[in-house]
Amino acid sequence: MQRLGVFVCWCGSNIAATVDVDRVVAEAKVQPGVVFAQDYQYMCSEAGQNIIKDAIKQYGLNGIVVCSCSPRMHEATFRKAAEAAGLNPYMVEIANIREHCSWIHKDKEAGTEKACVLMRAAVAKVLLNTPLKAGESKVVKRALVIGGGIAGIQTALDIADAGFPVDIVEKNATIGGRMAQLDKTFPTLDCSSCILTPKMVEAKTNENIRLITYAEVEEVSGFVGSFKAKIRKKARFVKEDVCTGCGVCMSKCPSKKGLNEFNMGLNNRPAIYIPFAQAIPNVAVIDKTQCIKLNTGKCGLCEKVCTAGAIDYTQQDEFIEEEYGAIVMATGFRPIDASKFDEYSYSTCKDVVTSLELERIMNAAGPTGGVLLRPSDGKHPHSIVFVQCVGSRDVSGRGKPYCSKICCMYTAKHAMLIRDKYPDVEVHVFYIDVRTPGKNFDEFYRRAAEQYDVDYIKGQVGKVWEEDGHLVVRGVDLIANEQIVLNTDMVVLATAIEPDPTARKVANMLTASIDTNDFITEAHPKLRPVESPTAGIFLSGVCQGPKDIPETVSQAGAAASKVIGLLSKNKLTTNPCVAHSDELLCNGCSCCEKVCPYGAISYDTHLINDHGVKETRRVALVNEALCQGCGACTVVCPSGAMDLKGFSNKQIMAEVEAICL
Amino acid sequence: MSVNVSVNEPAVKAAAENAAGANTENKEWRPRIVAFCCNWCSYAGADLAGSSRLSYPADVKIIRVPCSCRVNPMFILKAFERGADGVILCGCHPGDCHYSTGNYYTRRRMALLFSMLDYIGVERGRTRVEWVSAAEGARFSAVMNDFVAKITELGENVKVGDLRCKK
Ligand SMILES: Cc1cc2nc3c(=O)[nH]c(=O)nc-3n(C[C@H](O)[C@H](O)[C@H](O)COP(=O)(O)OP(=O)(O)OC[C@H]3O[C@@H](n4cnc5c(N)ncnc54)[C@H](O)[C@@H]3O)c2cc1C
Ligand code: SF4
Ligand code: SF4
Ligand code: FES
Numbered sequence: 115m116q117r118l119g120v121f122v123c124w125c126g127s128n129i130a131a132t133v134d135v136d137r138v139v140a141e142a143k144v145q146p147g148v149v150f151a152q153d154y155q156y157m158c159s160e161a162g163q164n165i166i167k168d169a170i171k172q173y174g175l176n177g178i179v180v181c182s183c184s185p186r187m188h189e190a191t192f193r194k195a196a197e198a199a200g201l202n203p204y205m206v207e208i209a210n211i212r213e214h215c216s217w218i219h220k221d222k223e224a225g226t227e228k229a230c231v232l233m234r235a236a237v238a239k240v241l242l243n244t245p246l247k248a249g250e251s252k253v254v255k256r257a258l259v260i261g262g263g264i265a266g267i268q269t270a271l272d273i274a275d276a277g278f279p280v281d282i283v284e285k286n287a288t289i290g291g292r293m294a295q296l297d298k299t300f301p302t303l304d305c306s307s308c309i310l311t312p313k314m315v316e317a318k319t320n321e322n323i324r325l326i327t328y329a330e331v332e333e334v335s336g337f338v339g340s341f342k343a344k345i346r347k348k349a350r351f352v353k354e355d356v357c358t359g360c361g362v363c364m365s366k367c368p369s370k371k372g373l374n375e376f377n378m379g380l381n382n383r384p385a386i387y388i389p390f391a392q393a394i395p396n397v398a399v400i401d402k403t404q405c406i407k408l409n410t411g412k413c414g415l416c417e418k419v420c421t422a423g424a425i426d427y428t429q430q431d432e433f434i435e436e437e438y439g440a441i442v443m444a445t446g447f448r449p450i451d452a453s454k455f456d457e458y459s460y461s462t463c464k465d466v467v468t469s470l471e472l473e474r475i476m477n478a479a480g481p482t483g484g485v486l487l488r489p490s491d492g493k494h495p496h497s498i499v500f501v502q503c504v505g506s507r508d509v510s511g512r513g514k515p516y517c518s519k520i521c522c523m524y525t526a527k528h529a530m531l532i533r534d535k536y537p538d539v540e541v542h543v544f545y546i547d548v549r550t551p552g553k554n555f556d557e558f559y560r561r562a563a564e565q566y567d568v569d570y571i572k573g574q575v576g577k578v579w580e581e582d583g584h585l586v587v588r589g590v591d592l593i594a595n596e597q598i599v600l601n602t603d604m605v606v607l608a609t610a611i612e613p614d615p616t617a618r619k620v621a622n623m624l625t626a627s628i629d630t631n632d633f634i635t636e637a638h639p640k641l642r643p644v645e646s647p648t649a650g651i652f653l654s655g656v657c658q659g660p661k662d663i664p665e666t667v668s669q670a671g672a673a674a675s676k677v678i679g680l681l682s683k684n685k686l687t688t689n690p691c692v693a694h695s696d697e698l699l700c701n702g703c704s705c706c707e708k709v710c711p712y713g714a715i716s717y718d719t720h721l722i723n724d725h726g727v728k729e730t731r732r733v734a735l736v737n738e739a740l741c742q743g744c745g746a747c748t749v750v751c752p753s754g755a756m757d758l759k760g761f762s763n764k765q766i767m768a769e770v771e772a773i774c775l
Numbered sequence: 002m003s004v005n006v007s008v009n010e011p012a013v014k015a016a017a018e019n020a021a022g023a024n025t026e027n028k029e030w031r032p033r034i035v036a037f038c039c040n041w042c043s044y045a046g047a048d049l050a051g052s053s054r055l056s057y058p059a060d061v062k063i064i065r066v067p068c069s070c071r072v073n074p075m076f077i078l079k080a081f082e083r084g085a086d087g088v089i090l091c092g093c094h095p096g097d098c099h100y101s102t103g104n105y106y107t108r109r110r111m112a113l114l115f116s117m118l119d120y121i122g123v124e125r126g127r128t129r130v131e132w133v134s135a136a137e138g139a140r141f142s143a144v145m146n147d148f149v150a151k152i153t154e155l156g157e158n159v160k161v162g163d164l165r166c167k168k
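Protein chains in written order, with our numbering: chain A, 115 to 775; chain B, 2 to 168.
Calculated directly from the structure, the hints in this document are not laboratory data.
Check each hint, because a few of them may be wrong.
[Said to hold, decoys possible] Which chain A residues face chain B? A few, computed with CB under 8 angstroms, are given here:
hint, residue
1, Ser-184
2, Cys-517
3, Lys-759
[As the list claims (entries may be wrong)] To give an idea of the chain A side of the interface with chain B (calculated C-beta under 7 angstroms), a few residues:
hint, residue
4, His-219
5, Leu-415
6, Gly-743
7, Val-749
[Stated by the list, open to error] Within a straight-line C-alpha distance of at most 30 angstroms, the following computed DSSO-like cross-link-like pairs (lysine-lysine) qualify:
hint, chain 1, residue 1, chain 2, residue 2
8, A, Lys-572, A, Lys-685
9, A, Lys-171, A, Lys-252
10, A, Lys-298, A, Lys-342
11, A, Lys-220, B, Lys-151
12, A, Lys-412, A, Lys-285
13, A, Lys-759, A, Lys-167
14, A, Lys-402, A, Lys-366
15, A, Lys-222, B, Lys-151
16, A, Lys-194, B, Lys-151
Every residue gets a Cβ at the ideal spot worked out from N, C-alpha and C, and that includes glycine.
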């Protein structure tokens with residue numbers, strides 16, 4: 115038998131001025147199940163809460179309704195009071211008779227009537243409430259960071275600093291990501307390696323960080339607080355703990371035709387190589403597609419010259435299995451393939467390069483030793499044309515619809531660096547818009563245009579072709595409103611950036627949402643920018659959207675602080691208002707699984723005792739730690755098996771009926 | 002301030018009957034309107050309308066749901082069966098749903114439901130989906146004023162109301 119209590123608050127005169135509280139109390143007393151009703155000036159005050167507590171004890175109430183301000187205001191207060199008096203906090207319902215009633219209705223009659231209806235609806239609902247208990251789940255105090263670019267490194271360093279162990283899984287043989295390939299960085303023009311390599315070393319030496327390079331995450335199961343990951347550490351054919359990074363093997367290796375990925379394929383590297391001089395870990399790796407020994411069984415030179423005895427041609431992929439409380443995605447980006455835009459002749463003319471290739475050409479450790487030379491003949495160029503927005507802001511479907519954000523700034527950087535070092539080189543930049551919002555960004559661009567005399571042309575390039583040993587660029591100058599044809603020695607394409615091609619696979623593994631451009635979706639675009647909607651999954655760096663280094667680092671720190679917040683907890687309390695499927699009704703159709711934004715629903719075969727008939731059936735199971743209680747699944751369930759605790763079908767129906775009475 | 006008395010006491014019963022009487026004595030017809038508001042945006046928007054004292058008719062009664070996608074078409078059918086004259090469903094703006102995608106389901110689902118309801122005689126104007134953010138108190142109030150005005154124009158919903166539900 116239900117024994118309900120109704121408490122009507124005056125809120126001083128806030129409610130009492132336009133709602134006749136006595137009438138609400140009187141009406142409450144005749145509602146089914148109600149055994150007690152009382153009003154008071156301030157229910158939320160200590161005295162008011164005591165009225166509630168005393169009534170619960172004295173009348174043995176098993177459910178209460180408080181007619182007061184919005185539940186967003188004091189639901190927690192009244193739940194606590196109820197709990198203190200021994201009543202389950204989820205047996206409390208609030209009728210919002212202030213914000214939704216007294217404050218907006220000036221007519222006391224209408225206000226009172228509405229207040230009575232709202233009270234009636236709340237009573238009808240609480241009659242169907244069931245005691246709920248917030249669940250608990252464990253927190254494994256270790257984090258996993260997928261991707262070892264600047265984003266992943268910074269996130270890991272911050273987490274490690276707070277005292278939690280963290281693993282970085284990097285698919286390449288070294289950490290560092292794209293930033294390691296850059297020459298100088300805008301807007302300060304400091305050398306990229308000089309600011310990045312100390313961080314890489316820190317990541318290597320920090321005792322809370324474990325670097326798992328040349329590795330990829332293969333499987334993830336579990337949920338926030340206790341994920342399980344299976345990591346494949348690819349065979350390097352070099353013992354990581356033995357190799358000293360001396361590089362003798364590289365100079366002796368006879369197979370030298372592998373494309374140097376670090377230099378964007380502008381030159382070659384041996385089959386055994388260290389990606390670059392400052393690589394972390396500074397350990398060689400054998401490219402098994404290029405190694406003669408691994409392909410034909412002959413050679414074995416590196417094994418002979420390695421004084422440390424680090425070479426092991428029999429090495430196999432290894433698997434690491436580990437538990438994590440939180441996972442950070444930091445998988446970064448790559449430039450899109452410029453040959454898709456072959457009006458610029460990227461695939462046929464060697465002197466048409468991408469901006470990232472130019473970074474390598476300008477870099478002292480790059481293929482030309484930092485001297486600006488034309489790739490085709492190694493001669494000094496006298497004129498360079500930059501083309502911005504190659505594949506960005508492109509709605510034709512060939513490129514990307516979004517703005518890649520960093521290209522305006524790095525093009526200004528390239529133009530400025532070239533004009534500074536080689537004042538004889540003419541520099542033209544074709545642009546659609548120059549977008550430079552950011553601290554000291556517009557000043558930077560203006561310096562390029564004004565101080566360094568870079569020729570900015572508003573307009574697009576239609577075609578680039580080779581003629582008599584030089585390039586011809588045909589474009590349009592929108593301001594002069596004329597077509598222009600320029601003879602030049604090099605063309606640099608500011609190609610759009612896109613998420614790493616593995617992003618979608620990783621996101622699926624983590625049940626993290628991903629958008630149509632393959633950028634990972636944040637839990638809320640404004641308020642929760644570093645969390646995925648899937649609890650326990652966080653986002654860092656360009657995998658979430660185009661960003662420069664300063665933004666990447668701030669986001670990396672923000673993601674770390676969220677991870678630290680999570681790992682600092684000993685237990686997670688879970689929202690008890692979660693979905694639950696009735697296995698007697700469930701037909702295992704999978705409708706609910708498809709709409710759940712959090713991947714909270716899975717299936718299992720259960721032995722069901724359906725009114726004496728025993729059978730094994732596939733039924734839906736809700737993981738209470740993952741379910742956020744949106745209720746999407748309850749509506750799609752064709753058999754009515756899925757329901758939401760605290761907002762059940764019956765409860766809401768009862769409210770509807772009470773309102774329409 | 003009333004005192005603690007048990008429900009069976011005649012005085013209380015009389016008072017209650019009085020109160021109930023005041024309800025039924027209504028001369029002028031007023032529409033019955035059920036508004037489902039998601040907890041994160043629209044319910045908060047309604048709260049803001051309240052704290053900004055932006056009035057709208059008392060005919061609107063709000064039911065709080067976690068997300069607009071929690072609203073089962075059955076709830077809406079039930080409301081009309083029980084004699085509601087209008088049902089409005091409010092959620093976060095597309096892209097802002099607290100659960101990312103809930104309101105997209107709502108949008109598609111309700112487009113279907115509302116056209117089906119129209120087919121069986123519940124005019125299109127009696128049902129509505131609106132996006133109201135937590136900051137849009139003024140919009141909440143404007144939407145409700147407009148909706149009540151439209152429903153008042155349409156008059157009482159006589160088509161699908163189950164007469165057996167009425168006393
Ligand atoms: C030409 C060019 C010039 C630029 N110049 C500047 C500049 O001057 N100033 C500035 O502020 N910014 C500049 N940027 C932007 C800068 O490069 C990025 O902001 C920064 O590199 C982003 O770091 P990240 O860690 O998010 O991504 P990345 O650097 O791409 O790192 C991602 C890492 O994750 C790894 N990874 C990917 N997928 C997986 C997987 N499945 N498993 C394991 N590991 C994985 C990758 O191998 C990589 O190491 C420039 C960019 C370009 C293209
Ligand atoms: S209520 Fe929402 S979060 Fe929970 S299982 Fe259903 S769809 Fe998933
Ligand atoms: S939608 Fe309903 S019937 Fe289908 S699997 Fe989910 S709970 Fe079971
Ligand atoms: S939470 Fe507002 S519509 Fe989903």
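Numbers of unmet hints, in rising order: Hints 2, 3, 5, 8, 9, 10, 16 contradicted; others consistent.
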